[in-house]
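Chemist: Chain order of the listed sequences is A and B.
Mapping of the first sequence onto full-length UniProt numbering: position 60 corresponds to residue 60, and the numbering continues sequentially without gaps.
Mapping of the second sequence onto full-length UniProt numbering: position 248 corresponds to residue 248, and the numbering continues sequentially without gaps.
A hint or two may mislead.
Unchecked claim - Far from chain A by the CB rule (all over 10 Å, computed), these chain B residues:
#: 1; residue: G70
#: 2; residue: D75
#: 3; residue: D131
#: 4; residue: G136
#: 5; residue: K146
#: 6; residue: S183
#: 7; residue: K190
#: 8; residue: D241
#: 9; residue: A255
#: 10; residue: F313
#: 11; residue: D335
#: 12; residue: K378
As the list claims (entries may be wrong) - Simulated coverage check for chain B against chain A, where a stretch passes if three residues somewhere in it have a Cβ under 8 Å from a Cβ of chain A:
#: 13; stretch: 390-401
#: 14; stretch: 408-422
These are calculated hints, taken from the structure and not from any lab test.
Since the model is a prediction, treat every value here as computed from it, not as a measurement.
All C-beta atoms, glycine included, are put in the ideal place defined by N, C-alpha and C.
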Amino acid sequence: MSSVRSAPPSKPRARPRPRRLSAGDRLFLAVIVGIPVIALLVFVWLPALASIGLSFTSWDGISLSDIHWIGLDNYQEIFTNYPPFWPAVQHNVVWLLFTALLPTPFGIFLAYQLDRKIRFTRIYQTAIFLPMVLSLAVVGFIWEIIYNPDNGLLNGILNGVAPGHHIDWLGDPNLNLWAVLVASAWRHTGYIMILYLAGLKGFDPALKEAASLDGANERQTFLRVVFPALKPVNIIILVVTVMESLRAFDIVYVLGGGVGSKPGMELLSLLITDNIIGESSHIGYGSALAVVLLVVSLLAIGTFLVQTFRKEDQ
Amino acid sequence: MTLQSRTPSPFRAPSRRNVVRGALGVGAAALAAPVLTACGGGPAADPKTVTFGSNGADATPKKAYAGVTGAFTKDSGLKVKTNTVDHDTFQKSISNYLQGTPDDVFTWFAGYRMQFFAKKGLAHPVDDVWDKIGSGFSDAAKQLSKGQDGKYYFVPLYNYPWAVFYRKSVFQERGYQPPATWSAFTALAKQMKKDGLSPIASGYGGGDSWSILGAFDYLNLRANGYDFHMSLMRGEVSWTDKRTSRTLDLWREIAPYYQEGAGGRSWQDAAQSLLDKKSGMAVIGLFLGQQVTDESLRDDIDFFPFPTIDPSFGQDTVEAPTDGFMLSRKPKNLDGSNKLLEFLGSAKAENLYMGVDPSNVAVNSGADTSKYNALQKKSAELISSAKHITQFADRDSDPGFISTVVLPGLTQWLGHPDDGSALLKKIESQRSRFFTA
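Please take these sequences and the hints and turn them into a complete structure.
Modeler: See the structure below:
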């Protein structure tokens with residue numbers, strides 16, 4: 001990339017000197033690199049750093065002179081005495097595990113089946129991928145109708161099978177998270193399926209053939225040949241799954257009625273908005289929560305990147 | 001909370017990017033700015049124009065406000081530039097809005113919620129206006145319009161009472177009597193359950209958890225009185241106080257009579273179940289009338305005030321949230337704004353408004369009440385006979401405290417109403433975070 005500048009000083013004589021950039025080129029480069037860099041700094045790094053700074057303060061967001069430095073108080077309060085915090089952490093973890101263990105493998109399974117050129121495969125593909133085309137908020141509406149306690153689909157069926165029984169899908173704190181997870185999985189499966197299917201389409205069939213010549217059965221072929229060979233897709237899927245779990249927000253927001261965290265459905269992202277958006281905002285407190293989420297995300301992403309690159313280097 | 005906000009369209013959910021931007025603190029102002037300050041710059045210098053920020057985005061209030069401002073223009077020759085923003089968005093972004101370039105006059109709510117922004121210096125006092133409109137308002141209304149510094153900051157337009165609503169025909173058919181005391185009330189609920197009704201219609205699912213606060217407020221007001229309730233709301237007494245636990249104990253007595261599946265139902269669906277004669281009663285505000293589509297049904301709806309618990313307090317308090325107007329801190333056209341507020345505080349403006357939107361009661365005593373329907377008349381009587389008027393928990397208290405601490409706690413508890421002391425401890429531990437300043 002930067003061979004022009006970082007080339008050792010002894011070498012230039014050996015090679016023809018690279019042509020100097022004309023003023024126009026330099027201007028072009030400055031604009032094309034400079035603007036994104038400034039945008040990145042202003043819109044990503046500055047707010048992130050400001051947020052970290054604000055997390056050590058107490059501020060109602062109204063006048064700058066009201067910002068009080070309170071050190072680690074916000075964090076101490078959050079970790080020791082903020083009732084929804086630990087449930088939120090727990091729910092984020094549940095979200096991650098659930099998404100990684102059920103809809104993701106299921107999406108892969110579907111992709112593998114659909115790749116075998118079964119009949120009507122296009123129809124299946126379309127049907128399973130369809131939810132992905134919808135915004136997660138719209139998915140929320142659809143499931144809101146299904147879960148409605150009075151005239152929803154599920155309670156309608158339930159009432160037919162066992163009259164008088166009534167399940168409060170979205171209201172019961174022990175149940176609502178799972179109800180939301182099912183709705184989110186409904187969409188996630190199609191997403192994973194299409195990603196994996198794309199990978200399978202580019203897979204060299206000769207490898208499969210070779211495996212079957214060697215006497216491998218379906219299961220062995222998939223686990224030992226196909227799955228490892230699709231490493232790039234697997235990495236994308238892993239990243240997508242982790243990201244979707246950490247940023248889980250919109251569907252919970254919609255199914256929770258659009259007013260932040262609900263008992264049983266607390267998530268870190270919702271707690272942040274609870275504290276920051278609204279009439280009496282606690283910018284400092286919310287920022288501290290945001291920093292917690294940032295650290296968790298960085299840990300997840302960092303671990304993953306280190307792992308991947310270490311292997312690549314070897 | 002007002003009725004218009006009660007049909008939150010999830011399309012309104014802020015996009016993730018916006019939320020994150022907000023979460024990062026810095027972009028918070030940007031969130032509201034493009035929507036709310038759309039007409040900030042242009043008309044600034046125009047002495048013939050007043051800008052008006054309205055949260056009445058639903059068809060009915062929008063039409064009503066348009067009628068009112070149109071009449072003002074006719075009277076005064078001043079143009080009103082209305083900037084309507086969706087109700088929930090307006091509420092959520094109010095502090096950014098007021099710090100940016102707000103409209104001269106804007107819609108808001110009475111009570112602590114108004115006083116909060118007055119205290120923060122984000123509103124302009126309107127004492128001059130009150131010198132002229134004051135005669136039209138009762139002392140209770142005057143009290144509601146003052147900030148903590150004793151100056152006026154608010155001009156009321158309408159209010160609506162909370163009570164226990166029922167259908168006359170259901171009570172007639174089954175021979176029920178509107179109960180006046182707590183024991184009669186619980187006995188009636190028990191009887192209704194026996195008769196196969198859901199005694200108390202309830203839907204506090206999703207974004208409607210605010211609706212349970214009506215019951216909480218009344219229980220606390222009836223059992224512990226106005227003064228205790230207000231101190232509790234303002235964060236001046238401990239939530240672990242014996243009196244608060246008593247409120248929860250009373251609530252636990254009627255919790256079994258709540259409609260099943262309430263945690264997943266909207267208030268509209270709960271109200272509908274009352275209209276469909278599936279539920280017997282509902283603790284709700286007059287805005288229940290919004291659910292009525294068949295006018296003949298309206299005559300069949302009645303209410304009784306929340307029953308007496310402690311005879312020494314009786315039924316002296318009525319919960320009647322008041323909506324009205326405030327003046328932003330640096331109005332661009334102060335004279336014009338004062339004239340507009342004067343007009344908005346007049347009986348004429350109230351008549352114009354109520355003519356379009358009949359689900360409220362005018363606050364100005366000079367307003368024409370001859371066209372009121374039976375419910376409005378009864379509401380007006382109920383409110384005028386009250387010794388104290390409360391707003392609503394989320395207006396009498398810090399709305400952040402109510403929405404992020406009290407509401408999740410109460411809804412969770414109401415799902416399994418066991419001993420409330422753990423819940424009260426949890427709420428109490430958060431109190432100091434909101435009421436230090």
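Chemist: Each hint: holds or not?
Modeler: Results of checking the hints against the structure:
Consistency note on B/G70: stated as away from chain A, and its beta-carbon is indeed over 10 Å from all of that chain's, at 30 Å minimum. At roughly 33 Å, the least C-beta separation between B/D75 and chain A is larger than 10 Å, which holds for a residue marked as non-interface. With a minimum CB-CB distance of about 29 Å to chain A, B/D131 clears the 10 Å threshold, and the non-interface call stands. Every beta carbon of chain A lies more than 10 Å from that of B/G136, the smallest distance being close to 29 Å; the non-interface claim holds.
Interface exclusion of B/K146 from chain A stands, the closest Cβ pair being 19 Å apart, more than 10 Å. At the 10 Å boundary, the C-beta of B/S183 stays outside the reach of chain A, the nearest C-beta of that chain being 29 Å off. Look at B/K190: its CB is around 20 Å from the nearest CB on chain A, clear of 10 Å, so calling it non-interface holds up. Annotated as non-interface, B/D241 keeps its C-beta farther than 10 Å from every C-beta of chain A; the closest such distance is 19 Å.
Remark: the non-interface label on B/A255 is consistent with the geometry, its nearest Cβ contact in chain A lying 14 Å away (cut-off 10 Å). The Cβ of B/F313 sits about 30 Å from the closest Cβ of chain A, beyond the 10 Å cut-off, so the non-interface label holds. Taking the minimum C-beta to C-beta distance to chain A, about 27 Å, the non-interface status of B/D335 holds against the 10 Å cut. A cut-off of 10 Å between C-beta atoms confirms that B/K378 is not in contact with chain A; the least separation is 29 Å.
Residues of the stretch 390-401 of chain B with a Cβ under 8 Å from some Cβ of chain A number 4, which satisfies the need for three, so the listed coverage holds. Coverage of a stretch by a chain is defined here by at least three residues with a beta carbon nearer than 8 Å to that chain's beta carbons; for the stretch 408-422 of chain B and chain A the count is 5, and the condition holds.
In summary, the structure agrees with every hint in the numbered list given earlier.
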